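Protein chains in written order, with our numbering: chain A, 18 to 374; chain B, 18 to 374; chain C, 18 to 374; chain D, 18 to 374.
Keep in mind the hints are simulated off the structure, nothing from the lab. Honestly, I wouldn't trust all of these hints.
Straight-line Cα separation of at most 25 Å, SDA-like style, residue types lysine to any residue; simulated pairs [stated by the list, open to error]:
1. LYS370(C) x GLU162(A)
2. LYS370(B) x PHE88(D)
3. LYS370(B) x GLY49(D)
4. LYS370(C) x ALA201(A)
5. LYS179(D) x MET268(C)
6. LYS370(C) x MET18(D)
7. LYS179(B) x GLN205(B)
8. LYS370(B) x GLU51(D)
9. LYS370(B) x GLU162(A)
Computed from a prediction, not measured in an experiment: that's the story for all the values here.
Listed below are the residues making up each chain.
There are 4 protein chains.
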Amino acid sequence: MANTIGSIFRLTSFGESHGPAMGGIIDGMPAGIEVDLNEMQRVVDRRRPGQSQLVTQRAEADQVEILSGIFEGRTLGTPIGFVVRNMDVRSEDYGHLRDVYRPSHADYSWQAKYGLRDHRGGGRASARETVSRVVAGALAMQVLEHLGIQVLAYTTQIGDVKLQPGSPLDWNQTWSNAVRCPDATTAQRMARAVDEARAQGNTLGGMVCCAVMGVPAGLGEPVFNKLNAALAGAMMSIPAAKSFDMGAGRMLASMRGSETLDTMHAVDGGLVYEHNYSGGIQGGISNGNNIFMEIGFKPVATLMRDIDTIDMQGNPVTIHPHGRHDVCVVPRAVPVVQAMAAMVVLDHYLLAKTNHL
Amino acid sequence: MANTIGSIFRLTSFGESHGPAMGGIIDGMPAGIEVDLNEMQRVVDRRRPGQSQLVTQRAEADQVEILSGIFEGRTLGTPIGFVVRNMDVRSEDYGHLRDVYRPSHADYSWQAKYGLRDHRGGGRASARETVSRVVAGALAMQVLEHLGIQVLAYTTQIGDVKLQPGSPLDWNQTWSNAVRCPDATTAQRMARAVDEARAQGNTLGGMVCCAVMGVPAGLGEPVFNKLNAALAGAMMSIPAAKSFDMGAGRMLASMRGSETLDTMHAVDGGLVYEHNYSGGIQGGISNGNNIFMEIGFKPVATLMRDIDTIDMQGNPVTIHPHGRHDVCVVPRAVPVVQAMAAMVVLDHYLLAKTNHL
Amino acid sequence: MANTIGSIFRLTSFGESHGPAMGGIIDGMPAGIEVDLNEMQRVVDRRRPGQSQLVTQRAEADQVEILSGIFEGRTLGTPIGFVVRNMDVRSEDYGHLRDVYRPSHADYSWQAKYGLRDHRGGGRASARETVSRVVAGALAMQVLEHLGIQVLAYTTQIGDVKLQPGSPLDWNQTWSNAVRCPDATTAQRMARAVDEARAQGNTLGGMVCCAVMGVPAGLGEPVFNKLNAALAGAMMSIPAAKSFDMGAGRMLASMRGSETLDTMHAVDGGLVYEHNYSGGIQGGISNGNNIFMEIGFKPVATLMRDIDTIDMQGNPVTIHPHGRHDVCVVPRAVPVVQAMAAMVVLDHYLLAKTNHL
Amino acid sequence: MANTIGSIFRLTSFGESHGPAMGGIIDGMPAGIEVDLNEMQRVVDRRRPGQSQLVTQRAEADQVEILSGIFEGRTLGTPIGFVVRNMDVRSEDYGHLRDVYRPSHADYSWQAKYGLRDHRGGGRASARETVSRVVAGALAMQVLEHLGIQVLAYTTQIGDVKLQPGSPLDWNQTWSNAVRCPDATTAQRMARAVDEARAQGNTLGGMVCCAVMGVPAGLGEPVFNKLNAALAGAMMSIPAAKSFDMGAGRMLASMRGSETLDTMHAVDGGLVYEHNYSGGIQGGISNGNNIFMEIGFKPVATLMRDIDTIDMQGNPVTIHPHGRHDVCVVPRAVPVVQAMAAMVVLDHYLLAKTNHL
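All chains, please: the whole structure from these sequences, using the hints.
Structure, rendered in structure tokens:
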């Protein structure tokens, strides 16, 4: 269960940051689906490191090798095994961390759990594991497309630069700028904020919004596998994620019932909500309106400056990180958020097929 | 998977609001644990309806009947079956809703999913199902106590009344006032806010904080069943939950890395964080510091006034609810949040036992 | 996982032999299915104790109370909770066994596992738990009927009396004689064998055949959840089951390939096998031919005579059982085998719906 | 669930016979275990094709590449990803089978399920997938060794040559002869039987016995995940497996209770059974005695002669197989049976750790 997500459409992943490879197995992929592996690779490339100065300079090609489950361009219904080799590994950068616990990192908690760890580049705790998520998500998106379902993800905040409500959103922009913001002007301001932070050896956090359009009513398995619960669990499993808001989210906590009461209109055999405060899900089940949510990410814990911490014996030490790190994870988290949403929605689509004979 | 939560310690629940009974099966309970069923009943009573004017006036005794798994006062290691009868059912109050979709309710989404529904009192979508969660959570808490783990939950906001940082918190207060706030003064202001909303036929939302103390380092199963991911999924499965913040949560998204960098101190073979911004979890694994999180709840969607909506044929209709409803779910959500946290932590405690031979 | 079976259609059960009640929760039942609860009760009655002199004289009404999931005669898609009260409990009959390990019984292994046990009537290890399986199986059969799938089970051997190949089989006979054999003549010989064994304070084992007709090609999830693997696991979980043969089973081990090569004929868009040696499953997936299997049961371990054994301290003791026991479990195992097959086939029918978009 | 086995110690596998690679992910491996990868490779080599004239002449090195989860010779507790490349692929041998359904093969049932299939060498239905099972089993055995648990598997029958009770068994023999029989004389007779069958273009089936020594009392999770149920499901998922006998198995069905009543002796805080008819498991839980079971395998369905069958349109066709095939799967099934037993026992060992706090 630890390294597997999903009930029907399931990803099981493996890989340490500085081991031979990352990879995974996608089980439960429906059979007979035409897949475009070039398109898959393009999606995976969006989270690739080294694409801009804003993110880690580790130079990984992140070339996905598919080992099974696809035959003559179509899915077989059998598991899809894949690997992504770790090429640009500089493990020597991490030798000084072998016996040290970095603050706000997973070093200590993993050591406490397992009694040992691969300290090189964070090992399995590194965000490098998210490459497997994006591979699976990219294929899930190709399936969802056949169903008329589209998954969008984009940056809404970096540091204190926020995408303002009412900004003109151009989805083509999202992947063409380095911060993954669909508004070019805001994107520039965000990029500048990241630049400034880097110059100071500092780091930034931010927020990512995800919207799923075209989801039919009826997805979500009450009471514990509600669609919103599954989305929350999936999103909070992403490294550095610290908050999850469904629809209007925590804003609703301060509103009165009379303000949140949404008006429904019958349209084409379905219902359309005027405000869609609940974000397309009610009682844990999709209602046919757009699903949207927001995920908050903390700043990267590795700062490029002297850091006081302790070693494994509890002695105070000062370290100066010299591995390659993101200044802000948010741009690279955007395709991961998208991938997680795609996997969850496809899984629930398949599950919902079993609600009737 | 739908009605089951947990990997080792697992609750499977059943029950419609106006059917014969609610209930569940707790599987994976460790054997040989002494349990106090009176104490369990006291915990269950905290979410019982009709306790104050602030919540629904449905008069349910919520008497738990244990049917198996406990023998001569100790757990057998076999599944614990239990039922809670629905006594005060006024199904006739809901006859007018048989063919109507209430706005911001689950009526339409459930109908779309299943093709039929028990419309009486919300059926399975009713928050009445949470009684089974509290039964299982109450027993989980008794087990956690043997491990020195304590789970607290309390109200931090109702409407726009917030528990201010620095308020004196008295855990004994929590269960002695109607709003479940550990600060008596704030509790009074919250109660007044609920009273006012009720007088206006309006409803309120709010926030619940949960803290788990005494959790050993090493709980959480990366990468998809991280402790924070499991907690987020569990909390977002509670009816009306709309947001989840882990530790300092979304506040971190606006902070710089240098501000969030937490200082560790070696203490008694473990580590203590100065600020504990991450809420006791790093890389998905507990670090031995207090775990805390906050969950946001939307206002109840049933207002005691004329409501314009549509029927199952899409025709506009006006309804006037006359069932018995909570004005604010937050007070009754507090024991549910506590129960969910207890179940997740116990489940991960047991899972972590399998990390080593 | 312990007390749950199935992936989509899932039964979770609870109950000790001499506790207040047996029961369970059926999750994943498709929505909108008309169910006949009287018919369900009739099926459950077939395994009821006390029906003939051949089985235990414990007088249980085994009245099933449905607590949820069915509304106005149709399934809601929500979990079906049910209880069956234990009425005729004579726990005092078991007082002498509190500190004793009976040979060939589960007393010692359960004590070793859990450190304590409910010794009364075998506790959770009693075959009484199978009542929950039959409740779920009876409902599963009603669903399968809508799909044109029929599940048969019948006794083929008791002691050394065997149903001979070529005997005229009359399915109506199965449930009208005490041994559940579809050939009246053989049934009489089997009944006589059981009578004789009882007269001697002895017990008998036997074999049960199960056939599933009308299963469409395509059910079974390779490679670990093959239909035959799922059936084997389900059948071997029945108390006293000791062998499982799929199709022609172990007979095939002694045959040459040229003898087992089955000829296929294309019929109505499907295939019909001449001999169907493989029992309707190839590569773990149903091929549209009849599925059949045979399950072997050992004799009941409780003999009505002095038995030398040891107590919990390892001291030799002699016990003389005086609880009420079956002389031969086979007749009561027949409806259990049928129930397990029905659950597995329905589960795989629902799973197979997810193989395609 | 389809391509995953186990609850805690879990193998997920992938790979088609003539695709780029086979492989898998082992999740739930306990942390900190020293592993010997050369020893693992030696175990994997035992099922390698081309080792003798008795089995398929496909020349696969079956070199296992470990991609994660092991660091400096010890398990990290993180998932172990591995691949085994398919090197000696002659897909052209299978071109004539693209549109044909072979009798007693999985061609039709897989086509019916998925609507397409990789026809080359049986695709995913090929026994080649078992290489992943042996990799995981080989590592599981290394863990079990630390616990003093040893898993044996050996051939007891090929065609009509049977290992006679009372034969002198020499475990070192098992892996040094081609048929995997621990009695050299019987091994020679078995080898001769296979030779003769091959000369005639015929094939043989047989039986494999598996014994697990040193299992502590208390493993097995009632009621549906009993140790015998888990073993039965695991064994019946092996290609060509058709029967499963636990302990004395079906022999018990013909015996009287008085004959099967086993005498227990208290020894060293545990119990020793005189006959151990039940094969070390009672009530689904290990009792500390040796666990043993027997699995029956059907003859290989591909005969080297003209075979009348039908094509995908239902037209009669005659094929003459010219791929490379085993004459008898039994010798290569022996390490697979051993691997499955090792995985199941280790999984239950870890599960049993959760039965107590």
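Hints, verified against the model:
1. LYS370(C) x GLU162(A): holds (19 Å)
2. LYS370(B) x PHE88(D): Distance of about 21 Å is within 25 Å: holds.
3. LYS370(B) x GLY49(D): Holds, because 14 Å separates the two Cα atoms, which is no more than 25 Å.
4. LYS370(C) x ALA201(A): Not satisfied, since the Cα-Cα distance of roughly 44 Å exceeds 25 Å.
5. LYS179(D) x MET268(C): Holds. LYS179(D) to MET268(C) sits at ~14 Å (cutoff 25 Å).
6. LYS370(C) x MET18(D): holds (15 Å)
7. LYS179(B) x GLN205(B): holds (12 Å)
8. LYS370(B) x GLU51(D): At roughly 19 Å apart (the allowed maximum being 25 Å), GLU51(D) and LYS370(B) satisfy the hint.
9. LYS370(B) x GLU162(A): violated (42 Å)
Consistency note: the structure conflicts with the earlier hints numbered 4, 9.
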